[in-house]
Structures are given as structure tokens and as C-alpha cells.
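S.K.: Residue numbers (full-length UniProt numbering), protein chains in the order written: chain L, 1 to 206; chain H, 1 to 229.
In short, the hints are calculated from the structure, not lab data. Take the hints with a grain of salt, since some may be wrong.
Claimed, not checked - Computed spacing ranges between beta-carbons, pair by pair:
{"id": "1", "chain 1": "L", "residue 1": "Ser188", "chain 2": "H", "residue 2": "Tyr226", "range": "28 to 36 Å"}
{"id": "2", "chain 1": "H", "residue 1": "Thr71", "chain 2": "L", "residue 2": "Gly55", "range": "44 to 52 Å"}
{"id": "3", "chain 1": "L", "residue 1": "Asn64", "chain 2": "H", "residue 2": "Ile91", "range": "56 to 64 Å"}
{"id": "4", "chain 1": "L", "residue 1": "Lys83", "chain 2": "H", "residue 2": "Gly210", "range": "52 to 60 Å"}
C-beta atoms are modelled at their ideal positions from N, C-alpha and C, and glycine is treated no differently.
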Amino acid sequence: MKRISKSLLLLVLSAGIWTACERDPVKDLSPKDSQVFITNHSTADFTSYKTFSIGDSVLVVDNNNQGRGVTPQDLAYIDRIVKNLTDRGYTKVARTAKPDLEVTPARISYTQSGYVPTYNPWYDPYWGYGYGYGYGYGYGYAPYYSYYSYSENYWYVRIADLKNIKDNKAEVIWDAQIRGEGIYDQASISGLVDAVFTQSAYLKAK
Amino acid sequence: MKKWLFLGLIGLTSGAFAQKNPDYYQKQDYEYRSVPTRNMKSPFERYTHYQITARYGVALPMGSLKDYTNTSSKYNYNISGEFVYPKNYSIGLQFSYMYFKERSPRQIYTFDNQDISAIQTRSLGATSLHVFGKYYFTDANAQVRPYVMAAVGGSAMRNLTYYGYLQDGQNKAAFSGQLGAGARFLFARNGNFGADVQATYFYSPYKNSGYLSNVAAVSASAGLFYRWW
Chain L
1 MKRISKSLLL LVLSAGIWTA CERDPVKDLS PKDSQVFITN HSTADFTSYK TFSIGDSVLV
61 VDNNNQGRGV TPQDLAYIDR IVKNLTDRGY TKVARTAKPD LEVTPARISY TQSGYVPTYN
121 PWYDPYWGYG YGYGYGYGYG YAPYYSYYSY SENYWYVRIA DLKNIKDNKA EVIWDAQIRG
181 EGIYDQASIS GLVDAVFTQS AYLKAK
Chain H
1 MKKWLFLGLI GLTSGAFAQK NPDYYQKQDY EYRSVPTRNM KSPFERYTHY QITARYGVAL
61 PMGSLKDYTN TSSKYNYNIS GEFVYPKNYS IGLQFSYMYF KERSPRQIYT FDNQDISAIQ
121 TRSLGATSLH VFGKYYFTDA NAQVRPYVMA AVGGSAMRNL TYYGYLQDGQ NKAAFSGQLG
181 AGARFLFARN GNFGADVQAT YFYSPYKNSG YLSNVAAVSA SAGLFYRWW
């Protein structure tokens with residue numbers, strides 16, 4: 001019994017030392033540097049569309065709940081999207097005027113937390129090369145649990161093609177995500193929206 | 001009185017007998033009494049002794065790792081324990097950690113129809129456990145002992161690539177090995193403490209598609225050791 005507890009202590013200690021020594025590569029990232037702009041686009045010809053419509057509120061998705069948002073940030077966000085699309089040669093029309101494109105601005109937050117066993121790479125079945133397989137395979141014990149809280153907050157905007165509806169479905173031809181720290185700061189919203197349009201040079205009516 | 005005289009005579013004769021015949025005593029006993037300790041070699045030369053070493057150093061990436069993180073690693077350490085044999089070699093176990101990180105300025109990364117504008121941080125942390133052997137060029141108790149070493153074992157690779165805070169990471173175990181040369185310096189003759197310097201080449205066939213095709217680095221480290229028997 002004494003022997004077991006001794007080796008267990010050693011195991012706990014070594015795991016502790018190990019995790020304490022691991023470095024966090026993004027600990028020193030400034031809020032502005034943490035911002036990430038992601039755009040996805042289809043191969044559609046963007047010059048074939050001329051008009052768009054956009055809601056007057058932001059779709060708010062919070063885990064599994066949905067709602068509408070009209071905070072000053074939300075309105076600034078919509079205004080800046082309209083300005084960018086107008087600058088690119090698209091005309092804003094009412095939803096009833098059969099627009100070519102439907103723009104959906106959204107604010108998404110997603111939080112998850114729980115306990116997970118700490119990953120132990122020494123017991124990874126994918127051990128380097130193909131062989132050595134099964135070595136320590138049955139040992140999959142994970143005596144250490146760590147608490148995690150994972151949350152994502154980001155701006156999202158999606159453009160759907162209303163011109164070529166197939167089977168009652170509109171295809172999304174462009175979407176963008178704005179992630180990182182300080183994205184809900186009202187003063188920086190216009191810059192954030194401009195960034196996703198800047199990296200989408202193909203998005204223009206002419 | 002007669003009895004004592006008789007016993008004394010027996011004692012004297014047996015003593016004289018022993019002087020003429022040294023084998024009369026146990027051989028071991030004889031050696032133990034007669035070999036002067038001052039002529040003995042140090043226990044470090046007579047027996048296998050133990051040594052623990054802690055070293056800290058810097059590393060330079062090579063090959064595919066250099067393309068991935070082209071910066072020197074300032075966070076590099078190594079702890080080892082070994083059996084030092086009276087002959088010119090030793091065998092031991094070492095635990096080491098090596099960490100590389102590089103950050104690129106903001107740029108746009110394109111993957112098919114996706115564009116990501118981000119500050120990319122690329123990092124690799126390698127925690128290794130190796131069995132090693134050393135060959136020393138001088139005696140076990142020499143004040144300066146230059147050596148060559150080779151180590152093999154496994155490394156837990158923590159290869160994390162970040163776009164802002166978004167992580168594209170992989171934790172995986174891989175084979176790894178080291179080749180090195182160094183020297184051990186005793187602070188005092190027959191002492192227990194000393195300094196150790198080492199230069200090593202590290203290699204692992206670890207792969208992470210899109211980022212790394214192998215891990216290689218050269219490192220230089222220095223530290224302290226303690227030996228006992």
C-alpha cells in the first residue's frame with residue numbers, strides 16, 4: 001500500500017511538473033492582434049447581382065436561443081455592412097422588391113463548460129510510426145481532470161442568393177466571421193466590417 | 001600456575017606457526033588488514049556511481065522546423081539521472097523539454113474558398129523521455145571528462161498553430177533521438193559537485209501535415225551535476 005501511494009505521488013508530481021512547464025503560445029497576444037476575419041465565398045459571379053436587402057435588426061444566437069438585437073453596436077454593424085455593399089455598387093432595396101441578395105447580419109455567442117480528462121499523449125494509439133501499436137493500449141487511464149470553459153463570441157454576416165433559388169432553397173454565396181477580443185467595442189465596429197470586405201475584392205457589382 | 005604456563009606455551013607456538021605460514025589466517029582478513037587505504041583508488045573509480053544533472057540551454061531549429069518557427073528557443077531544459085560505470089561509459093534516463101514559437105504579422109491565409117486574415121502564432125513544445133548512453137574519454141574520476149552521447153525514446157509533441165486565438169493543434173507522441181558531445185567538470189578533486197556542458201542534435205520523424213514534416217534542432221546547454229556512490 002505504501003509502495004503504491006509513493007508511485008502515485010510521483011506520477012501526480014511528474015504530471016504536475018509537466019503541465020506547469022508547458023507554455024501558452026498566445027498568452028501575450030494583444031486584443032487587437034487576436035482579431036480574426038474569416039470569409040467564405042462560392043464560385044458565383046458576384047457581378048450578376050445588383051440589389052440586396054437587409055434586416056433592420058441583428059440576429060442574435062446565444063447557444064440554442066435566437067432573438068433579435070438592436071443595441072447601438074448592432075445598428076452600427078448593420079449600417080457599416082450597408083455602406084460597404086453600396087460602395088461596391090449594390091443597391092439596397094426593400095425585402096418586398098425582389099432583391100437579388102439577402103444579407104443576414106448576426107451576433108453569435110456560444111458557451112460550453114465541463115470536465116475533461118487531461119490528454120496523455122504517451123497513451124496515444126497513433127504512436128509515431130505505424131508500429132508500436134497497442135503498446136500501452138489498454139492503459140487508457142486518465143487520472144487527471146481539468147475544468148474547461150469555452151466560449152465563442154463573434155459577428156457573423158451571410159449573403160444568400162435569392163436570384164437563383166433551387167428547390168425552395170437559397171444558396172449562401174458569401175459569409176464572414178469576425179472573431180477575437182474587443183469586437184463589441186462600438187468605436188471599432190466600422191473598422192472590423194471594412195476588414196472583411198477588404199479581403200473580399202471579388203464582392204462587387206461591376 | 002602450571003596451567004597458565006602451559007596455555008602460554010601453546011599461544012607462543014601457534015603465533016610462531018602463523019608467522020611462518022601466512023595462509024593460516026583467512027585470505028580476505030589478511031588483505032583487509034594489510035592494504036593501506038591511502039593507496040586505494042577512489043570509490044568513484046572502483047564502483048558504479050550515480051549522477052543527476054540539470055541543464056538549461058538554447059536551441060536552433062533546423063529543416064522543416066526552421067520553416068515553421070524560425071526563431072531560437074530560449075526555453076529548453078533537461079534533467080537526467082545516470083549510472084556511471086568505473087569503465088568509460090554510463091547509462092541513464094533523461095527528461096527534456098524544448099519549446100519553439102514564432103508569430104507572423106497580420107496576413108491573409110487562403111484555403112480554397114476561404115480567406116482568413118489573422119496573426120498566426122506557430123508553436124511546438126516537445127517533452128521527451130530518453131534512454132541514453134555516454135562514452136567518456138577520460139577516467140571515471142578525472143576532473144575533466146569529455147564525452148559523446150546518444151539517446152533514443154519518445155516525445156510528446158504539442159504542435160499548436162493559432163490564428164488569433166483560434167487553435168489548429170495536434171498533440172501526439174512520436175519517436176525521437178539525440179546525438180551529442182559534451183564535457184563534465186568536477187569543481188574539486190574527488191568532489192561531488194560539478195558543471196556539465198553539452199551540444200546536441202535532436203531529431204524526430206514527427207509529422208503534422210501542412211505544418212511539419214520532421215522535427216530537428218541543435219541545442220547547447222549547460223548545467224550542474226551531483227554524483228554519489
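S.K.: Against each hint, give a clear statement of whether it holds in the structure.
M.R.: Comparing the hints with the structure gives:
1. A C-beta distance of roughly 56 Å is found between Ser188 (chain L) and Tyr226 (chain H), which places it outside the suggested range of 28 to 36 Å.
2. The beta-carbon spacing between Thr71 (chain H) and Gly55 (chain L), approximately 47 Å, falls within the hinted interval of 44 to 52 Å.
3. Our hint of 56 to 64 Å for Asn64 (chain L) and Ile91 (chain H) holds, since their Cβ atoms are close to 59 Å apart.
4. For the pair Lys83 (chain L) and Gly210 (chain H), the beta carbons lie near 37 Å from each other, so the given range of 52 to 60 Å is not met.
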